[in-house]
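Visitor: So the protein lines, in turn, are chains A and B.
The first sequence begins at 1 in the working numbering and counts up by one.
The second sequence begins at 1001 in the working numbering and counts up by one.
If you're looking for bench data, these hints aren't it; they were derived computationally from the structure.
Any given hint could turn out to be false.
[As the list claims (entries may be wrong)] With a straight-line Cα cutoff of 20 Å, these simulated SDA-like cross-link-like pairs (lysine to any residue) come out: (1) 1092/B - 13/A; (2) 1097/B - 72/A; (3) 1092/B - 62/A; (4) 125/A - 1040/B; (5) 115/A - 1042/B; (6) 1097/B - 109/A; (7) 1097/B - 114/A; (8) 1097/B - 79/A; (9) 115/A - 1022/B; (10) 1089/B - 125/A; (11) 1089/B - 121/A; (12) 20/A - 1097/B; (13) 115/A - 1097/B; (14) 1092/B - 26/A; (15) 1092/B - 59/A; (16) 1092/B - 121/A; (17) 1092/B - 109/A; (18) 1089/B - 114/A; (19) 1092/B - 76/A; (20) 122/A - 1047/B; (21) 1092/B - 102/A; (22) 27/A - 1047/B; (23) 122/A - 1059/B; (24) 122/A - 1089/B; (25) 1089/B - 17/A; (26) 122/A - 1061/B; (27) 125/A - 1047/B; (28) 20/A - 1047/B.
[Claimed, not checked] Which stretches of chain A does chain B cover? Using the computed rule of at least three CB atoms under 8 Å from a CB of chain B, they are: (29) 31 to 37; (30) 103 to 109.
[Unchecked claim] If you want a taste of the chain A side facing chain B, the calculated C-beta under 7 Å gives, among others: (31) 27; (32) 119; (33) 123.
Since the structure is predicted, the reported quantities are computational estimates derived from the model, not experimental observations.
Every residue, glycine too, gets a C-beta built ideally from N, C-alpha and C.
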Amino acid sequence: MISQDEFARRLGRLVAERRKEAGMSQKTFGEALSLSRASVANIESGRQAVSLYTVYCMADILKREPAELMPPATETGVHTKRSAKEFHVKPRLPGEHLGRLSFRERRQLEGLSPKESVWFNKITKARSE
Amino acid sequence: MITPAAVRRIRERVAALLEDHGIDEPPVPVDKLAENLGLEIRVAPLRGDLYGALIRSDHENYIGVNSLNHPNRRRFTIAHELGHFVLHKGIKVHIDKGFRVNWRDDESSQAVSDEEMEANRFAAELLMPIQFLTRDIDRLRGVGHETVALLARKYKVSSQAMRIRLTGFGYMLPE
Chain A
1 MISQDEFARR LGRLVAERRK EAGMSQKTFG EALSLSRASV ANIESGRQAV
51 SLYTVYCMAD ILKREPAELM PPATETGVHT KRSAKEFHVK PRLPGEHLGR
101 LSFRERRQLE GLSPKESVWF NKITKARSE
Chain B
1001 MITPAAVRRI RERVAALLED HGIDEPPVPV DKLAENLGLE IRVAPLRGDL
1051 YGALIRSDHE NYIGVNSLNH PNRRRFTIAH ELGHFVLHKG IKVHIDKGFR
1101 VNWRDDESSQ AVSDEEMEAN RFAAELLMPI QFLTRDIDRL RGVGHETVAL
1151 LARKYKVSSQ AMRIRLTGFG YMLPE
């Protein structure tokens, strides 16, 4: 995921583009948002962070979907689909309810792949950590 | 290696189980049998060659089955885990991972493969009991490829498993 500063810059660029497309000046846009022209300039250059509520207000004024003012998830380094491997799911070694396990039994559990561990946890109804 | 004495012992255990639970014809209801023995059957899907697991704790025992496997394979898994449950009292967790388990570098590899062989033998004896098969084969004129397929369907096992079983009894020549 990109830094908060970089995120603010990208969001600001999009806001500026959409505002210009709507043929609005920073001043009139600011007035509609109850913000000063300087604040609008700061937002558009990424020097000032905005709340999600403000993004919605801006979308309302520009007659856009809020998402059109926000950088697409993929361009910000957000992984929407993660493999179990990334989460590194290990089976909860069921020592608590099975008592002491032998070396062989432990080795079997430790030898499970992440996907197999998920399966094993479903079977034992244990939660993955 | 599995000794003739071990085979006899397993066969006797299976015969007693079938009699105790009033099972006198194929297909042997392995899931019912497991439940009667206090083993819950739990299923979950998984792509890959993990077939099932046996888990035995102080307060509950259950068999996990990979629900993506063919029904015949699922029956074999249950029968195999039942084998571990009945024959190997010490086992708390057993995972049936097919061919990938490599115990070669392990001191206990011999013990593991012995237990696996015993569980496999138990599964074969349970799914295709000798007394049921002899009865069925006596009614047939001979044993050929169609008979193998017919018996496999009747016993709800794979044709391959049935062929191996019949070969073991000397009804068929090994391929």
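Visitor: Does the alpha-carbon distance linking residue 1097/B and residue 72/A stay inside the 20 Å limit?
Guide: Since the Cα atoms of residue 1097/B and residue 72/A sit roughly 42 Å apart, the hinted pair is violated (cutoff 20 Å).
Visitor: Do three or more residues from the segment 103 to 109 of chain A put their C-beta atoms closer than 8 Å to C-beta atoms of chain B?
Guide: holds (count 6)
Visitor: Is the interface hint for residue 27/A satisfied, with its Cβ closer than 7 Å to some Cβ of chain B?
Guide: Because about 59 Å separates residue 27/A from the closest Cβ in chain B, which is outside the 7 Å limit, the hint is violated.
Visitor: Would the pair residue 1092/B and residue 102/A pass a check requiring their Cα atoms to be no farther apart than 20 Å?
Guide: Given that 20 Å is the threshold and the Cα spacing comes to 9 Å, the pair holds.
Visitor: Quick one, are residue 122/A and residue 1089/B close enough, alpha carbons at most 20 Å?
Guide: Violated, because 24 Å separates the two Cα atoms, which is more than 20 Å.
Visitor: Decide if the proposed pair is consistent with the structure: residue 1089/B and residue 125/A, CA atoms, cutoff 20 Å inclusive.
Guide: violated (23 Å)
Visitor: Keeping to a limit of 20 Å between CA atoms, is the pair of residue 125/A and residue 1047/B held or broken?
Guide: With Cα atoms ~19 Å apart, residue 125/A and residue 1047/B stay inside 20 Å; holds.
Visitor: Regarding the pair residue 20/A and residue 1047/B, is the alpha-carbon distance no greater than 20 Å?
Guide: Not OK: residue 20/A and residue 1047/B at ~52 Å, beyond 20 Å, violated.
Visitor: Assess, step by step, whether the Cα of residue 20/A is no farther than 20 Å from the Cα of residue 1097/B, and give holds or violated.
Guide: It is violated: about 62 Å lies between the C-alpha atoms, which goes past 20 Å.
Visitor: Starting from residue 27/A, check that the Cα of residue 1047/B is at most 20 Å away, please.
Guide: Roughly 59 Å separates the two Cα atoms, so the pair is violated.
Visitor: Verify the proposed pairing of residue 115/A with residue 1022/B, using a straight-line Cα cut of 20 Å.
Guide: Violated, because 39 Å separates the two Cα atoms, which is more than 20 Å.
Visitor: Taking only the CA atoms, is the gap from residue 1089/B to residue 121/A under or equal to 20 Å?
Guide: Answer violated: residue 1089/B to residue 121/A is near 23 Å, above 20 Å.
The earlier numbered hints that this structure contradicts are 1, 2, 3, 8, 9, 10, 11, 12, 14, 15, 18, 19, 22, 24, 25, 28, 29 and 31.
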